[in-house]
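K.L.:
Given next are the chains, with one letter for each unit.
There are 2 protein chains.
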Amino acid sequence: MHLHLRDGDMCRLTTPLSAEYFSGAVIMPNLVPPVTEFDSMDAYRTRILEAAGAHAESFTPLMTLFFKNQTRATLEAARARESFFALKLYPAGATTNSDGGVTDFGEAEATFRAMEDLGIPLLVHGESHGFVMDREAEFLPTYRRLAQTFPRLKICMEHITTAAALSLLDEFENVFATVTLQHLLITLDDVAGGMLRPHLFCKPIAKRPEDRSALLAAALSGHPKLMFGSDSAPHPRHKKECCGCAAGVFTAPVALPALADLFAKNNALDKLQDFVGGNARRIYGLKTAPKKVVLEDKPCPVPAVYEGYGEHVVPMFAGENLAWSVVA
Amino acid sequence: MHLHLRDGDMCRLTTPLSAEYFSGAVIMPNLVPPVTEFDSMDAYRTRILEAAGAHAESFTPLMTLFFKNQTRATLEAARARESFFALKLYPAGATTNSDGGVTDFGEAEATFRAMEDLGIPLLVHGESHGFVMDREAEFLPTYRRLAQTFPRLKICMEHITTAAALSLLDEFENVFATVTLQHLLITLDDVAGGMLRPHLFCKPIAKRPEDRSALLAAALSGHPKLMFGSDSAPHPRHKKECCGCAAGVFTAPVALPALADLFAKNNALDKLQDFVGGNARRIYGLKTAPKKVVLEDKPCPVPAVYEGYGEHVVPMFAGENLAWSVVA
Chain A
1 MHLHLRDGDM CRLTTPLSAE YFSGAVIMPN LVPPVTEFDS MDAYRTRILE AAGAHAESFT
61 PLMTLFFKNQ TRATLEAARA RESFFALKLY PAGATTNSDG GVTDFGEAEA TFRAMEDLGI
121 PLLVHGESHG FVMDREAEFL PTYRRLAQTF PRLKICMEHI TTAAALSLLD EFENVFATVT
181 LQHLLITLDD VAGGMLRPHL FCKPIAKRPE DRSALLAAAL SGHPKLMFGS DSAPHPRHKK
241 ECCGCAAGVF TAPVALPALA DLFAKNNALD KLQDFVGGNA RRIYGLKTAP KKVVLEDKPC
301 PVPAVYEGYG EHVVPMFAGE NLAWSVVA
Chain B
1 MHLHLRDGDM CRLTTPLSAE YFSGAVIMPN LVPPVTEFDS MDAYRTRILE AAGAHAESFT
61 PLMTLFFKNQ TRATLEAARA RESFFALKLY PAGATTNSDG GVTDFGEAEA TFRAMEDLGI
121 PLLVHGESHG FVMDREAEFL PTYRRLAQTF PRLKICMEHI TTAAALSLLD EFENVFATVT
181 LQHLLITLDD VAGGMLRPHL FCKPIAKRPE DRSALLAAAL SGHPKLMFGS DSAPHPRHKK
241 ECCGCAAGVF TAPVALPALA DLFAKNNALD KLQDFVGGNA RRIYGLKTAP KKVVLEDKPC
301 PVPAVYEGYG EHVVPMFAGE NLAWSVVA
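Residue numbers (our numbering), protein chains in the order written: chain A, 1 to 328; chain B, 1 to 328.
Hints listed in this document are in silico derivations from the structure and should not be mistaken for laboratory results. Don't take every hint at face value.
Since the list can't tell identical chains apart, any single copy or any two copies may satisfy a pair.
Unchecked claim - With a straight-line Cα cutoff of 25 Å, these simulated DMTMM-like cross-link-like pairs (lysine to aspartate or glutamate) come out: (1) Lys-239 - Asp-190; (2) Lys-239 - Glu-311; (3) Lys-225 - Glu-171; (4) Lys-239 - Glu-307; (5) Lys-239 - Asp-189; (6) Lys-68 - Glu-116; (7) Lys-239 - Glu-320.
All chains, full assembly: derive it from the sequences and hints.
P.N.:
So this is what it looks like as structure tokens:
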């Protein structure tokens, strides 16, 4: 429910790695320039389906537009398009390619109202510009205000990383959340506690052990408002292993076996399907064609790097063995 | 008062960069293998003085031994050597090359008692094995216990990074501290708040804005128990810009101009000399020959990399201009 496929050669490399195993994905619009118009959205969707190749038939890109105080007329036109799914809101400068994001939530109110009326979900990168460990917590009052002011607006807190964010799910009926694979597994210790590990560096940054525990417990218990969103975010290897490393973990090709392993170890395999897709189908009323994927507890080696079209991307668990495999 | 010169080619590259501008430095013993014996300490000192070249005459390496529950007899022999300064204690595994460090503080008590009797300072890397942001705070009870149990033992909390550690200086007469240049300037935001910046990654990791503020205020106000210790910690460039980056910031060649700039900006230039050397001379009764260094507020370009003897090290402020220069 939260995927970066990038564009160009990177999109050609990464798209089949998601399209093979997922029936659909919410495609993030923070390209350069961001996807703000129908034309660019349609063209991007076409490039994604071309890149999906043989899997295009069974893969639905759920397209998003970059939140830009869109008018009601624009939103009405958006809703009329089958390919359109939601608006993605970035506070200006909060993450990769988000400089054109929102600076004034007051000015965005008419758009929120129209989205609420039209039933268009609002997906939010919820971080302040404060100290890196506090950014999500500092954004929670904004979620609260939005949820109260627009009680029929479906608000999704994307890639939550804290126990505090999780608590909002129970506080407001109209607030939902996605969580990534890495935030169920790692803390800041894994990024910067021993050696510095750029391939585990992402935004929002991995937080404290008690945050990870709370997120994992919610996922394993089958929290009905928590959805898997990998936030798989490929960057070329040379932009990760350098002196100004870009934020993002590339998890798309390892997500399903890694989740199967995690849920199996915790005797929660019965909760996996709803976490990966069922909750999202129910929450958003998605009608993407179902896809059957068979996972088995047999080892699966993860490549050190995914290469193609001149791109090199290092996945999470690079060079390791996962305990589970996708077998069909 | 806290310097890593490394060994071999790296030592040849880094030593003159300190020896030119400092009259002495406390040399850390965490080589591979660590400096635990007089023979290796003496040999290391000889290599350092050779590397210092023309500056050897005016540079005193204050040698440390790696804390290994040394006997009273060993400590008596150590104290008799002019080149010996202190023991450096590492909790096992706390930082670079510290695997042979202390695992049981109870077993170390006889050594602490002998050090106290003999007037040998105890320099401590004070971190627990907990969550990276909590490690220093979790170690503070150990400092408290040591300070209370051995009230005549001079304990130096090396490279402190938190406001909480600072407060121990006022709590115990026999507790002192060093602080690095980078911990007066940066927080975790500078390491991982935007892009990931491996050249600012060190142990202990930079902490919160309120920690930096407290450390800076103490330094600028001339706290009599706080000493500059650069913890300048060179690593070859390929071990910093990679997928498992080593911890350490290389500040030795930029420390004096950067500190002059920082103290000047805050109208505290009159406090700089005591911070850089005076406090340490008084606290430890050092008798290293004084060295005159003249700093001026004129721009000084920092090289992108220091090269020599086949080594490449990237300093803090690489490629930037510092506002102050060492002019003589």
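K.L.:
It remains to establish, for every hint, whether it holds in the given structure.
P.N.:
Verification of the hints:
Proximity of Lys-239 and Asp-190 under a CA criterion of 25 Å is satisfied in both settings, with 19 Å inside one chain copy and 18 Å between copies. In this assembly of identical chains, the alpha carbons of Lys-239 and Glu-311 lie at most 25 Å apart whether taken from the same copy (11 Å) or from different copies (23 Å). In this homomeric assembly, Lys-225 and Glu-171 come within 25 Å of each other (Cα to Cα) only inside a single copy, at 12 Å, whereas the closest approach across copies is 49 Å. When the C-alpha separation of Lys-239 and Glu-307 is checked against a cutoff of 25 Å, the pair qualifies both within a copy, at 15 Å, and between copies, at 24 Å.
Within a single copy, Lys-239 and Asp-189 get their C-alpha atoms as close as 22 Å, and across copies as close as 19 Å, so both meet the 25 Å cut-off. Taking the shortest Cα distances, Lys-68 and Glu-116 sit within 25 Å of each other inside one copy (16 Å), while across copies they are farther apart (67 Å). Taking the shortest Cα distances, Lys-239 and Glu-320 sit within 25 Å of each other both inside one copy (22 Å) and across copies (21 Å).
Violated hints are absent here; each numbered hint is respected by the structure.
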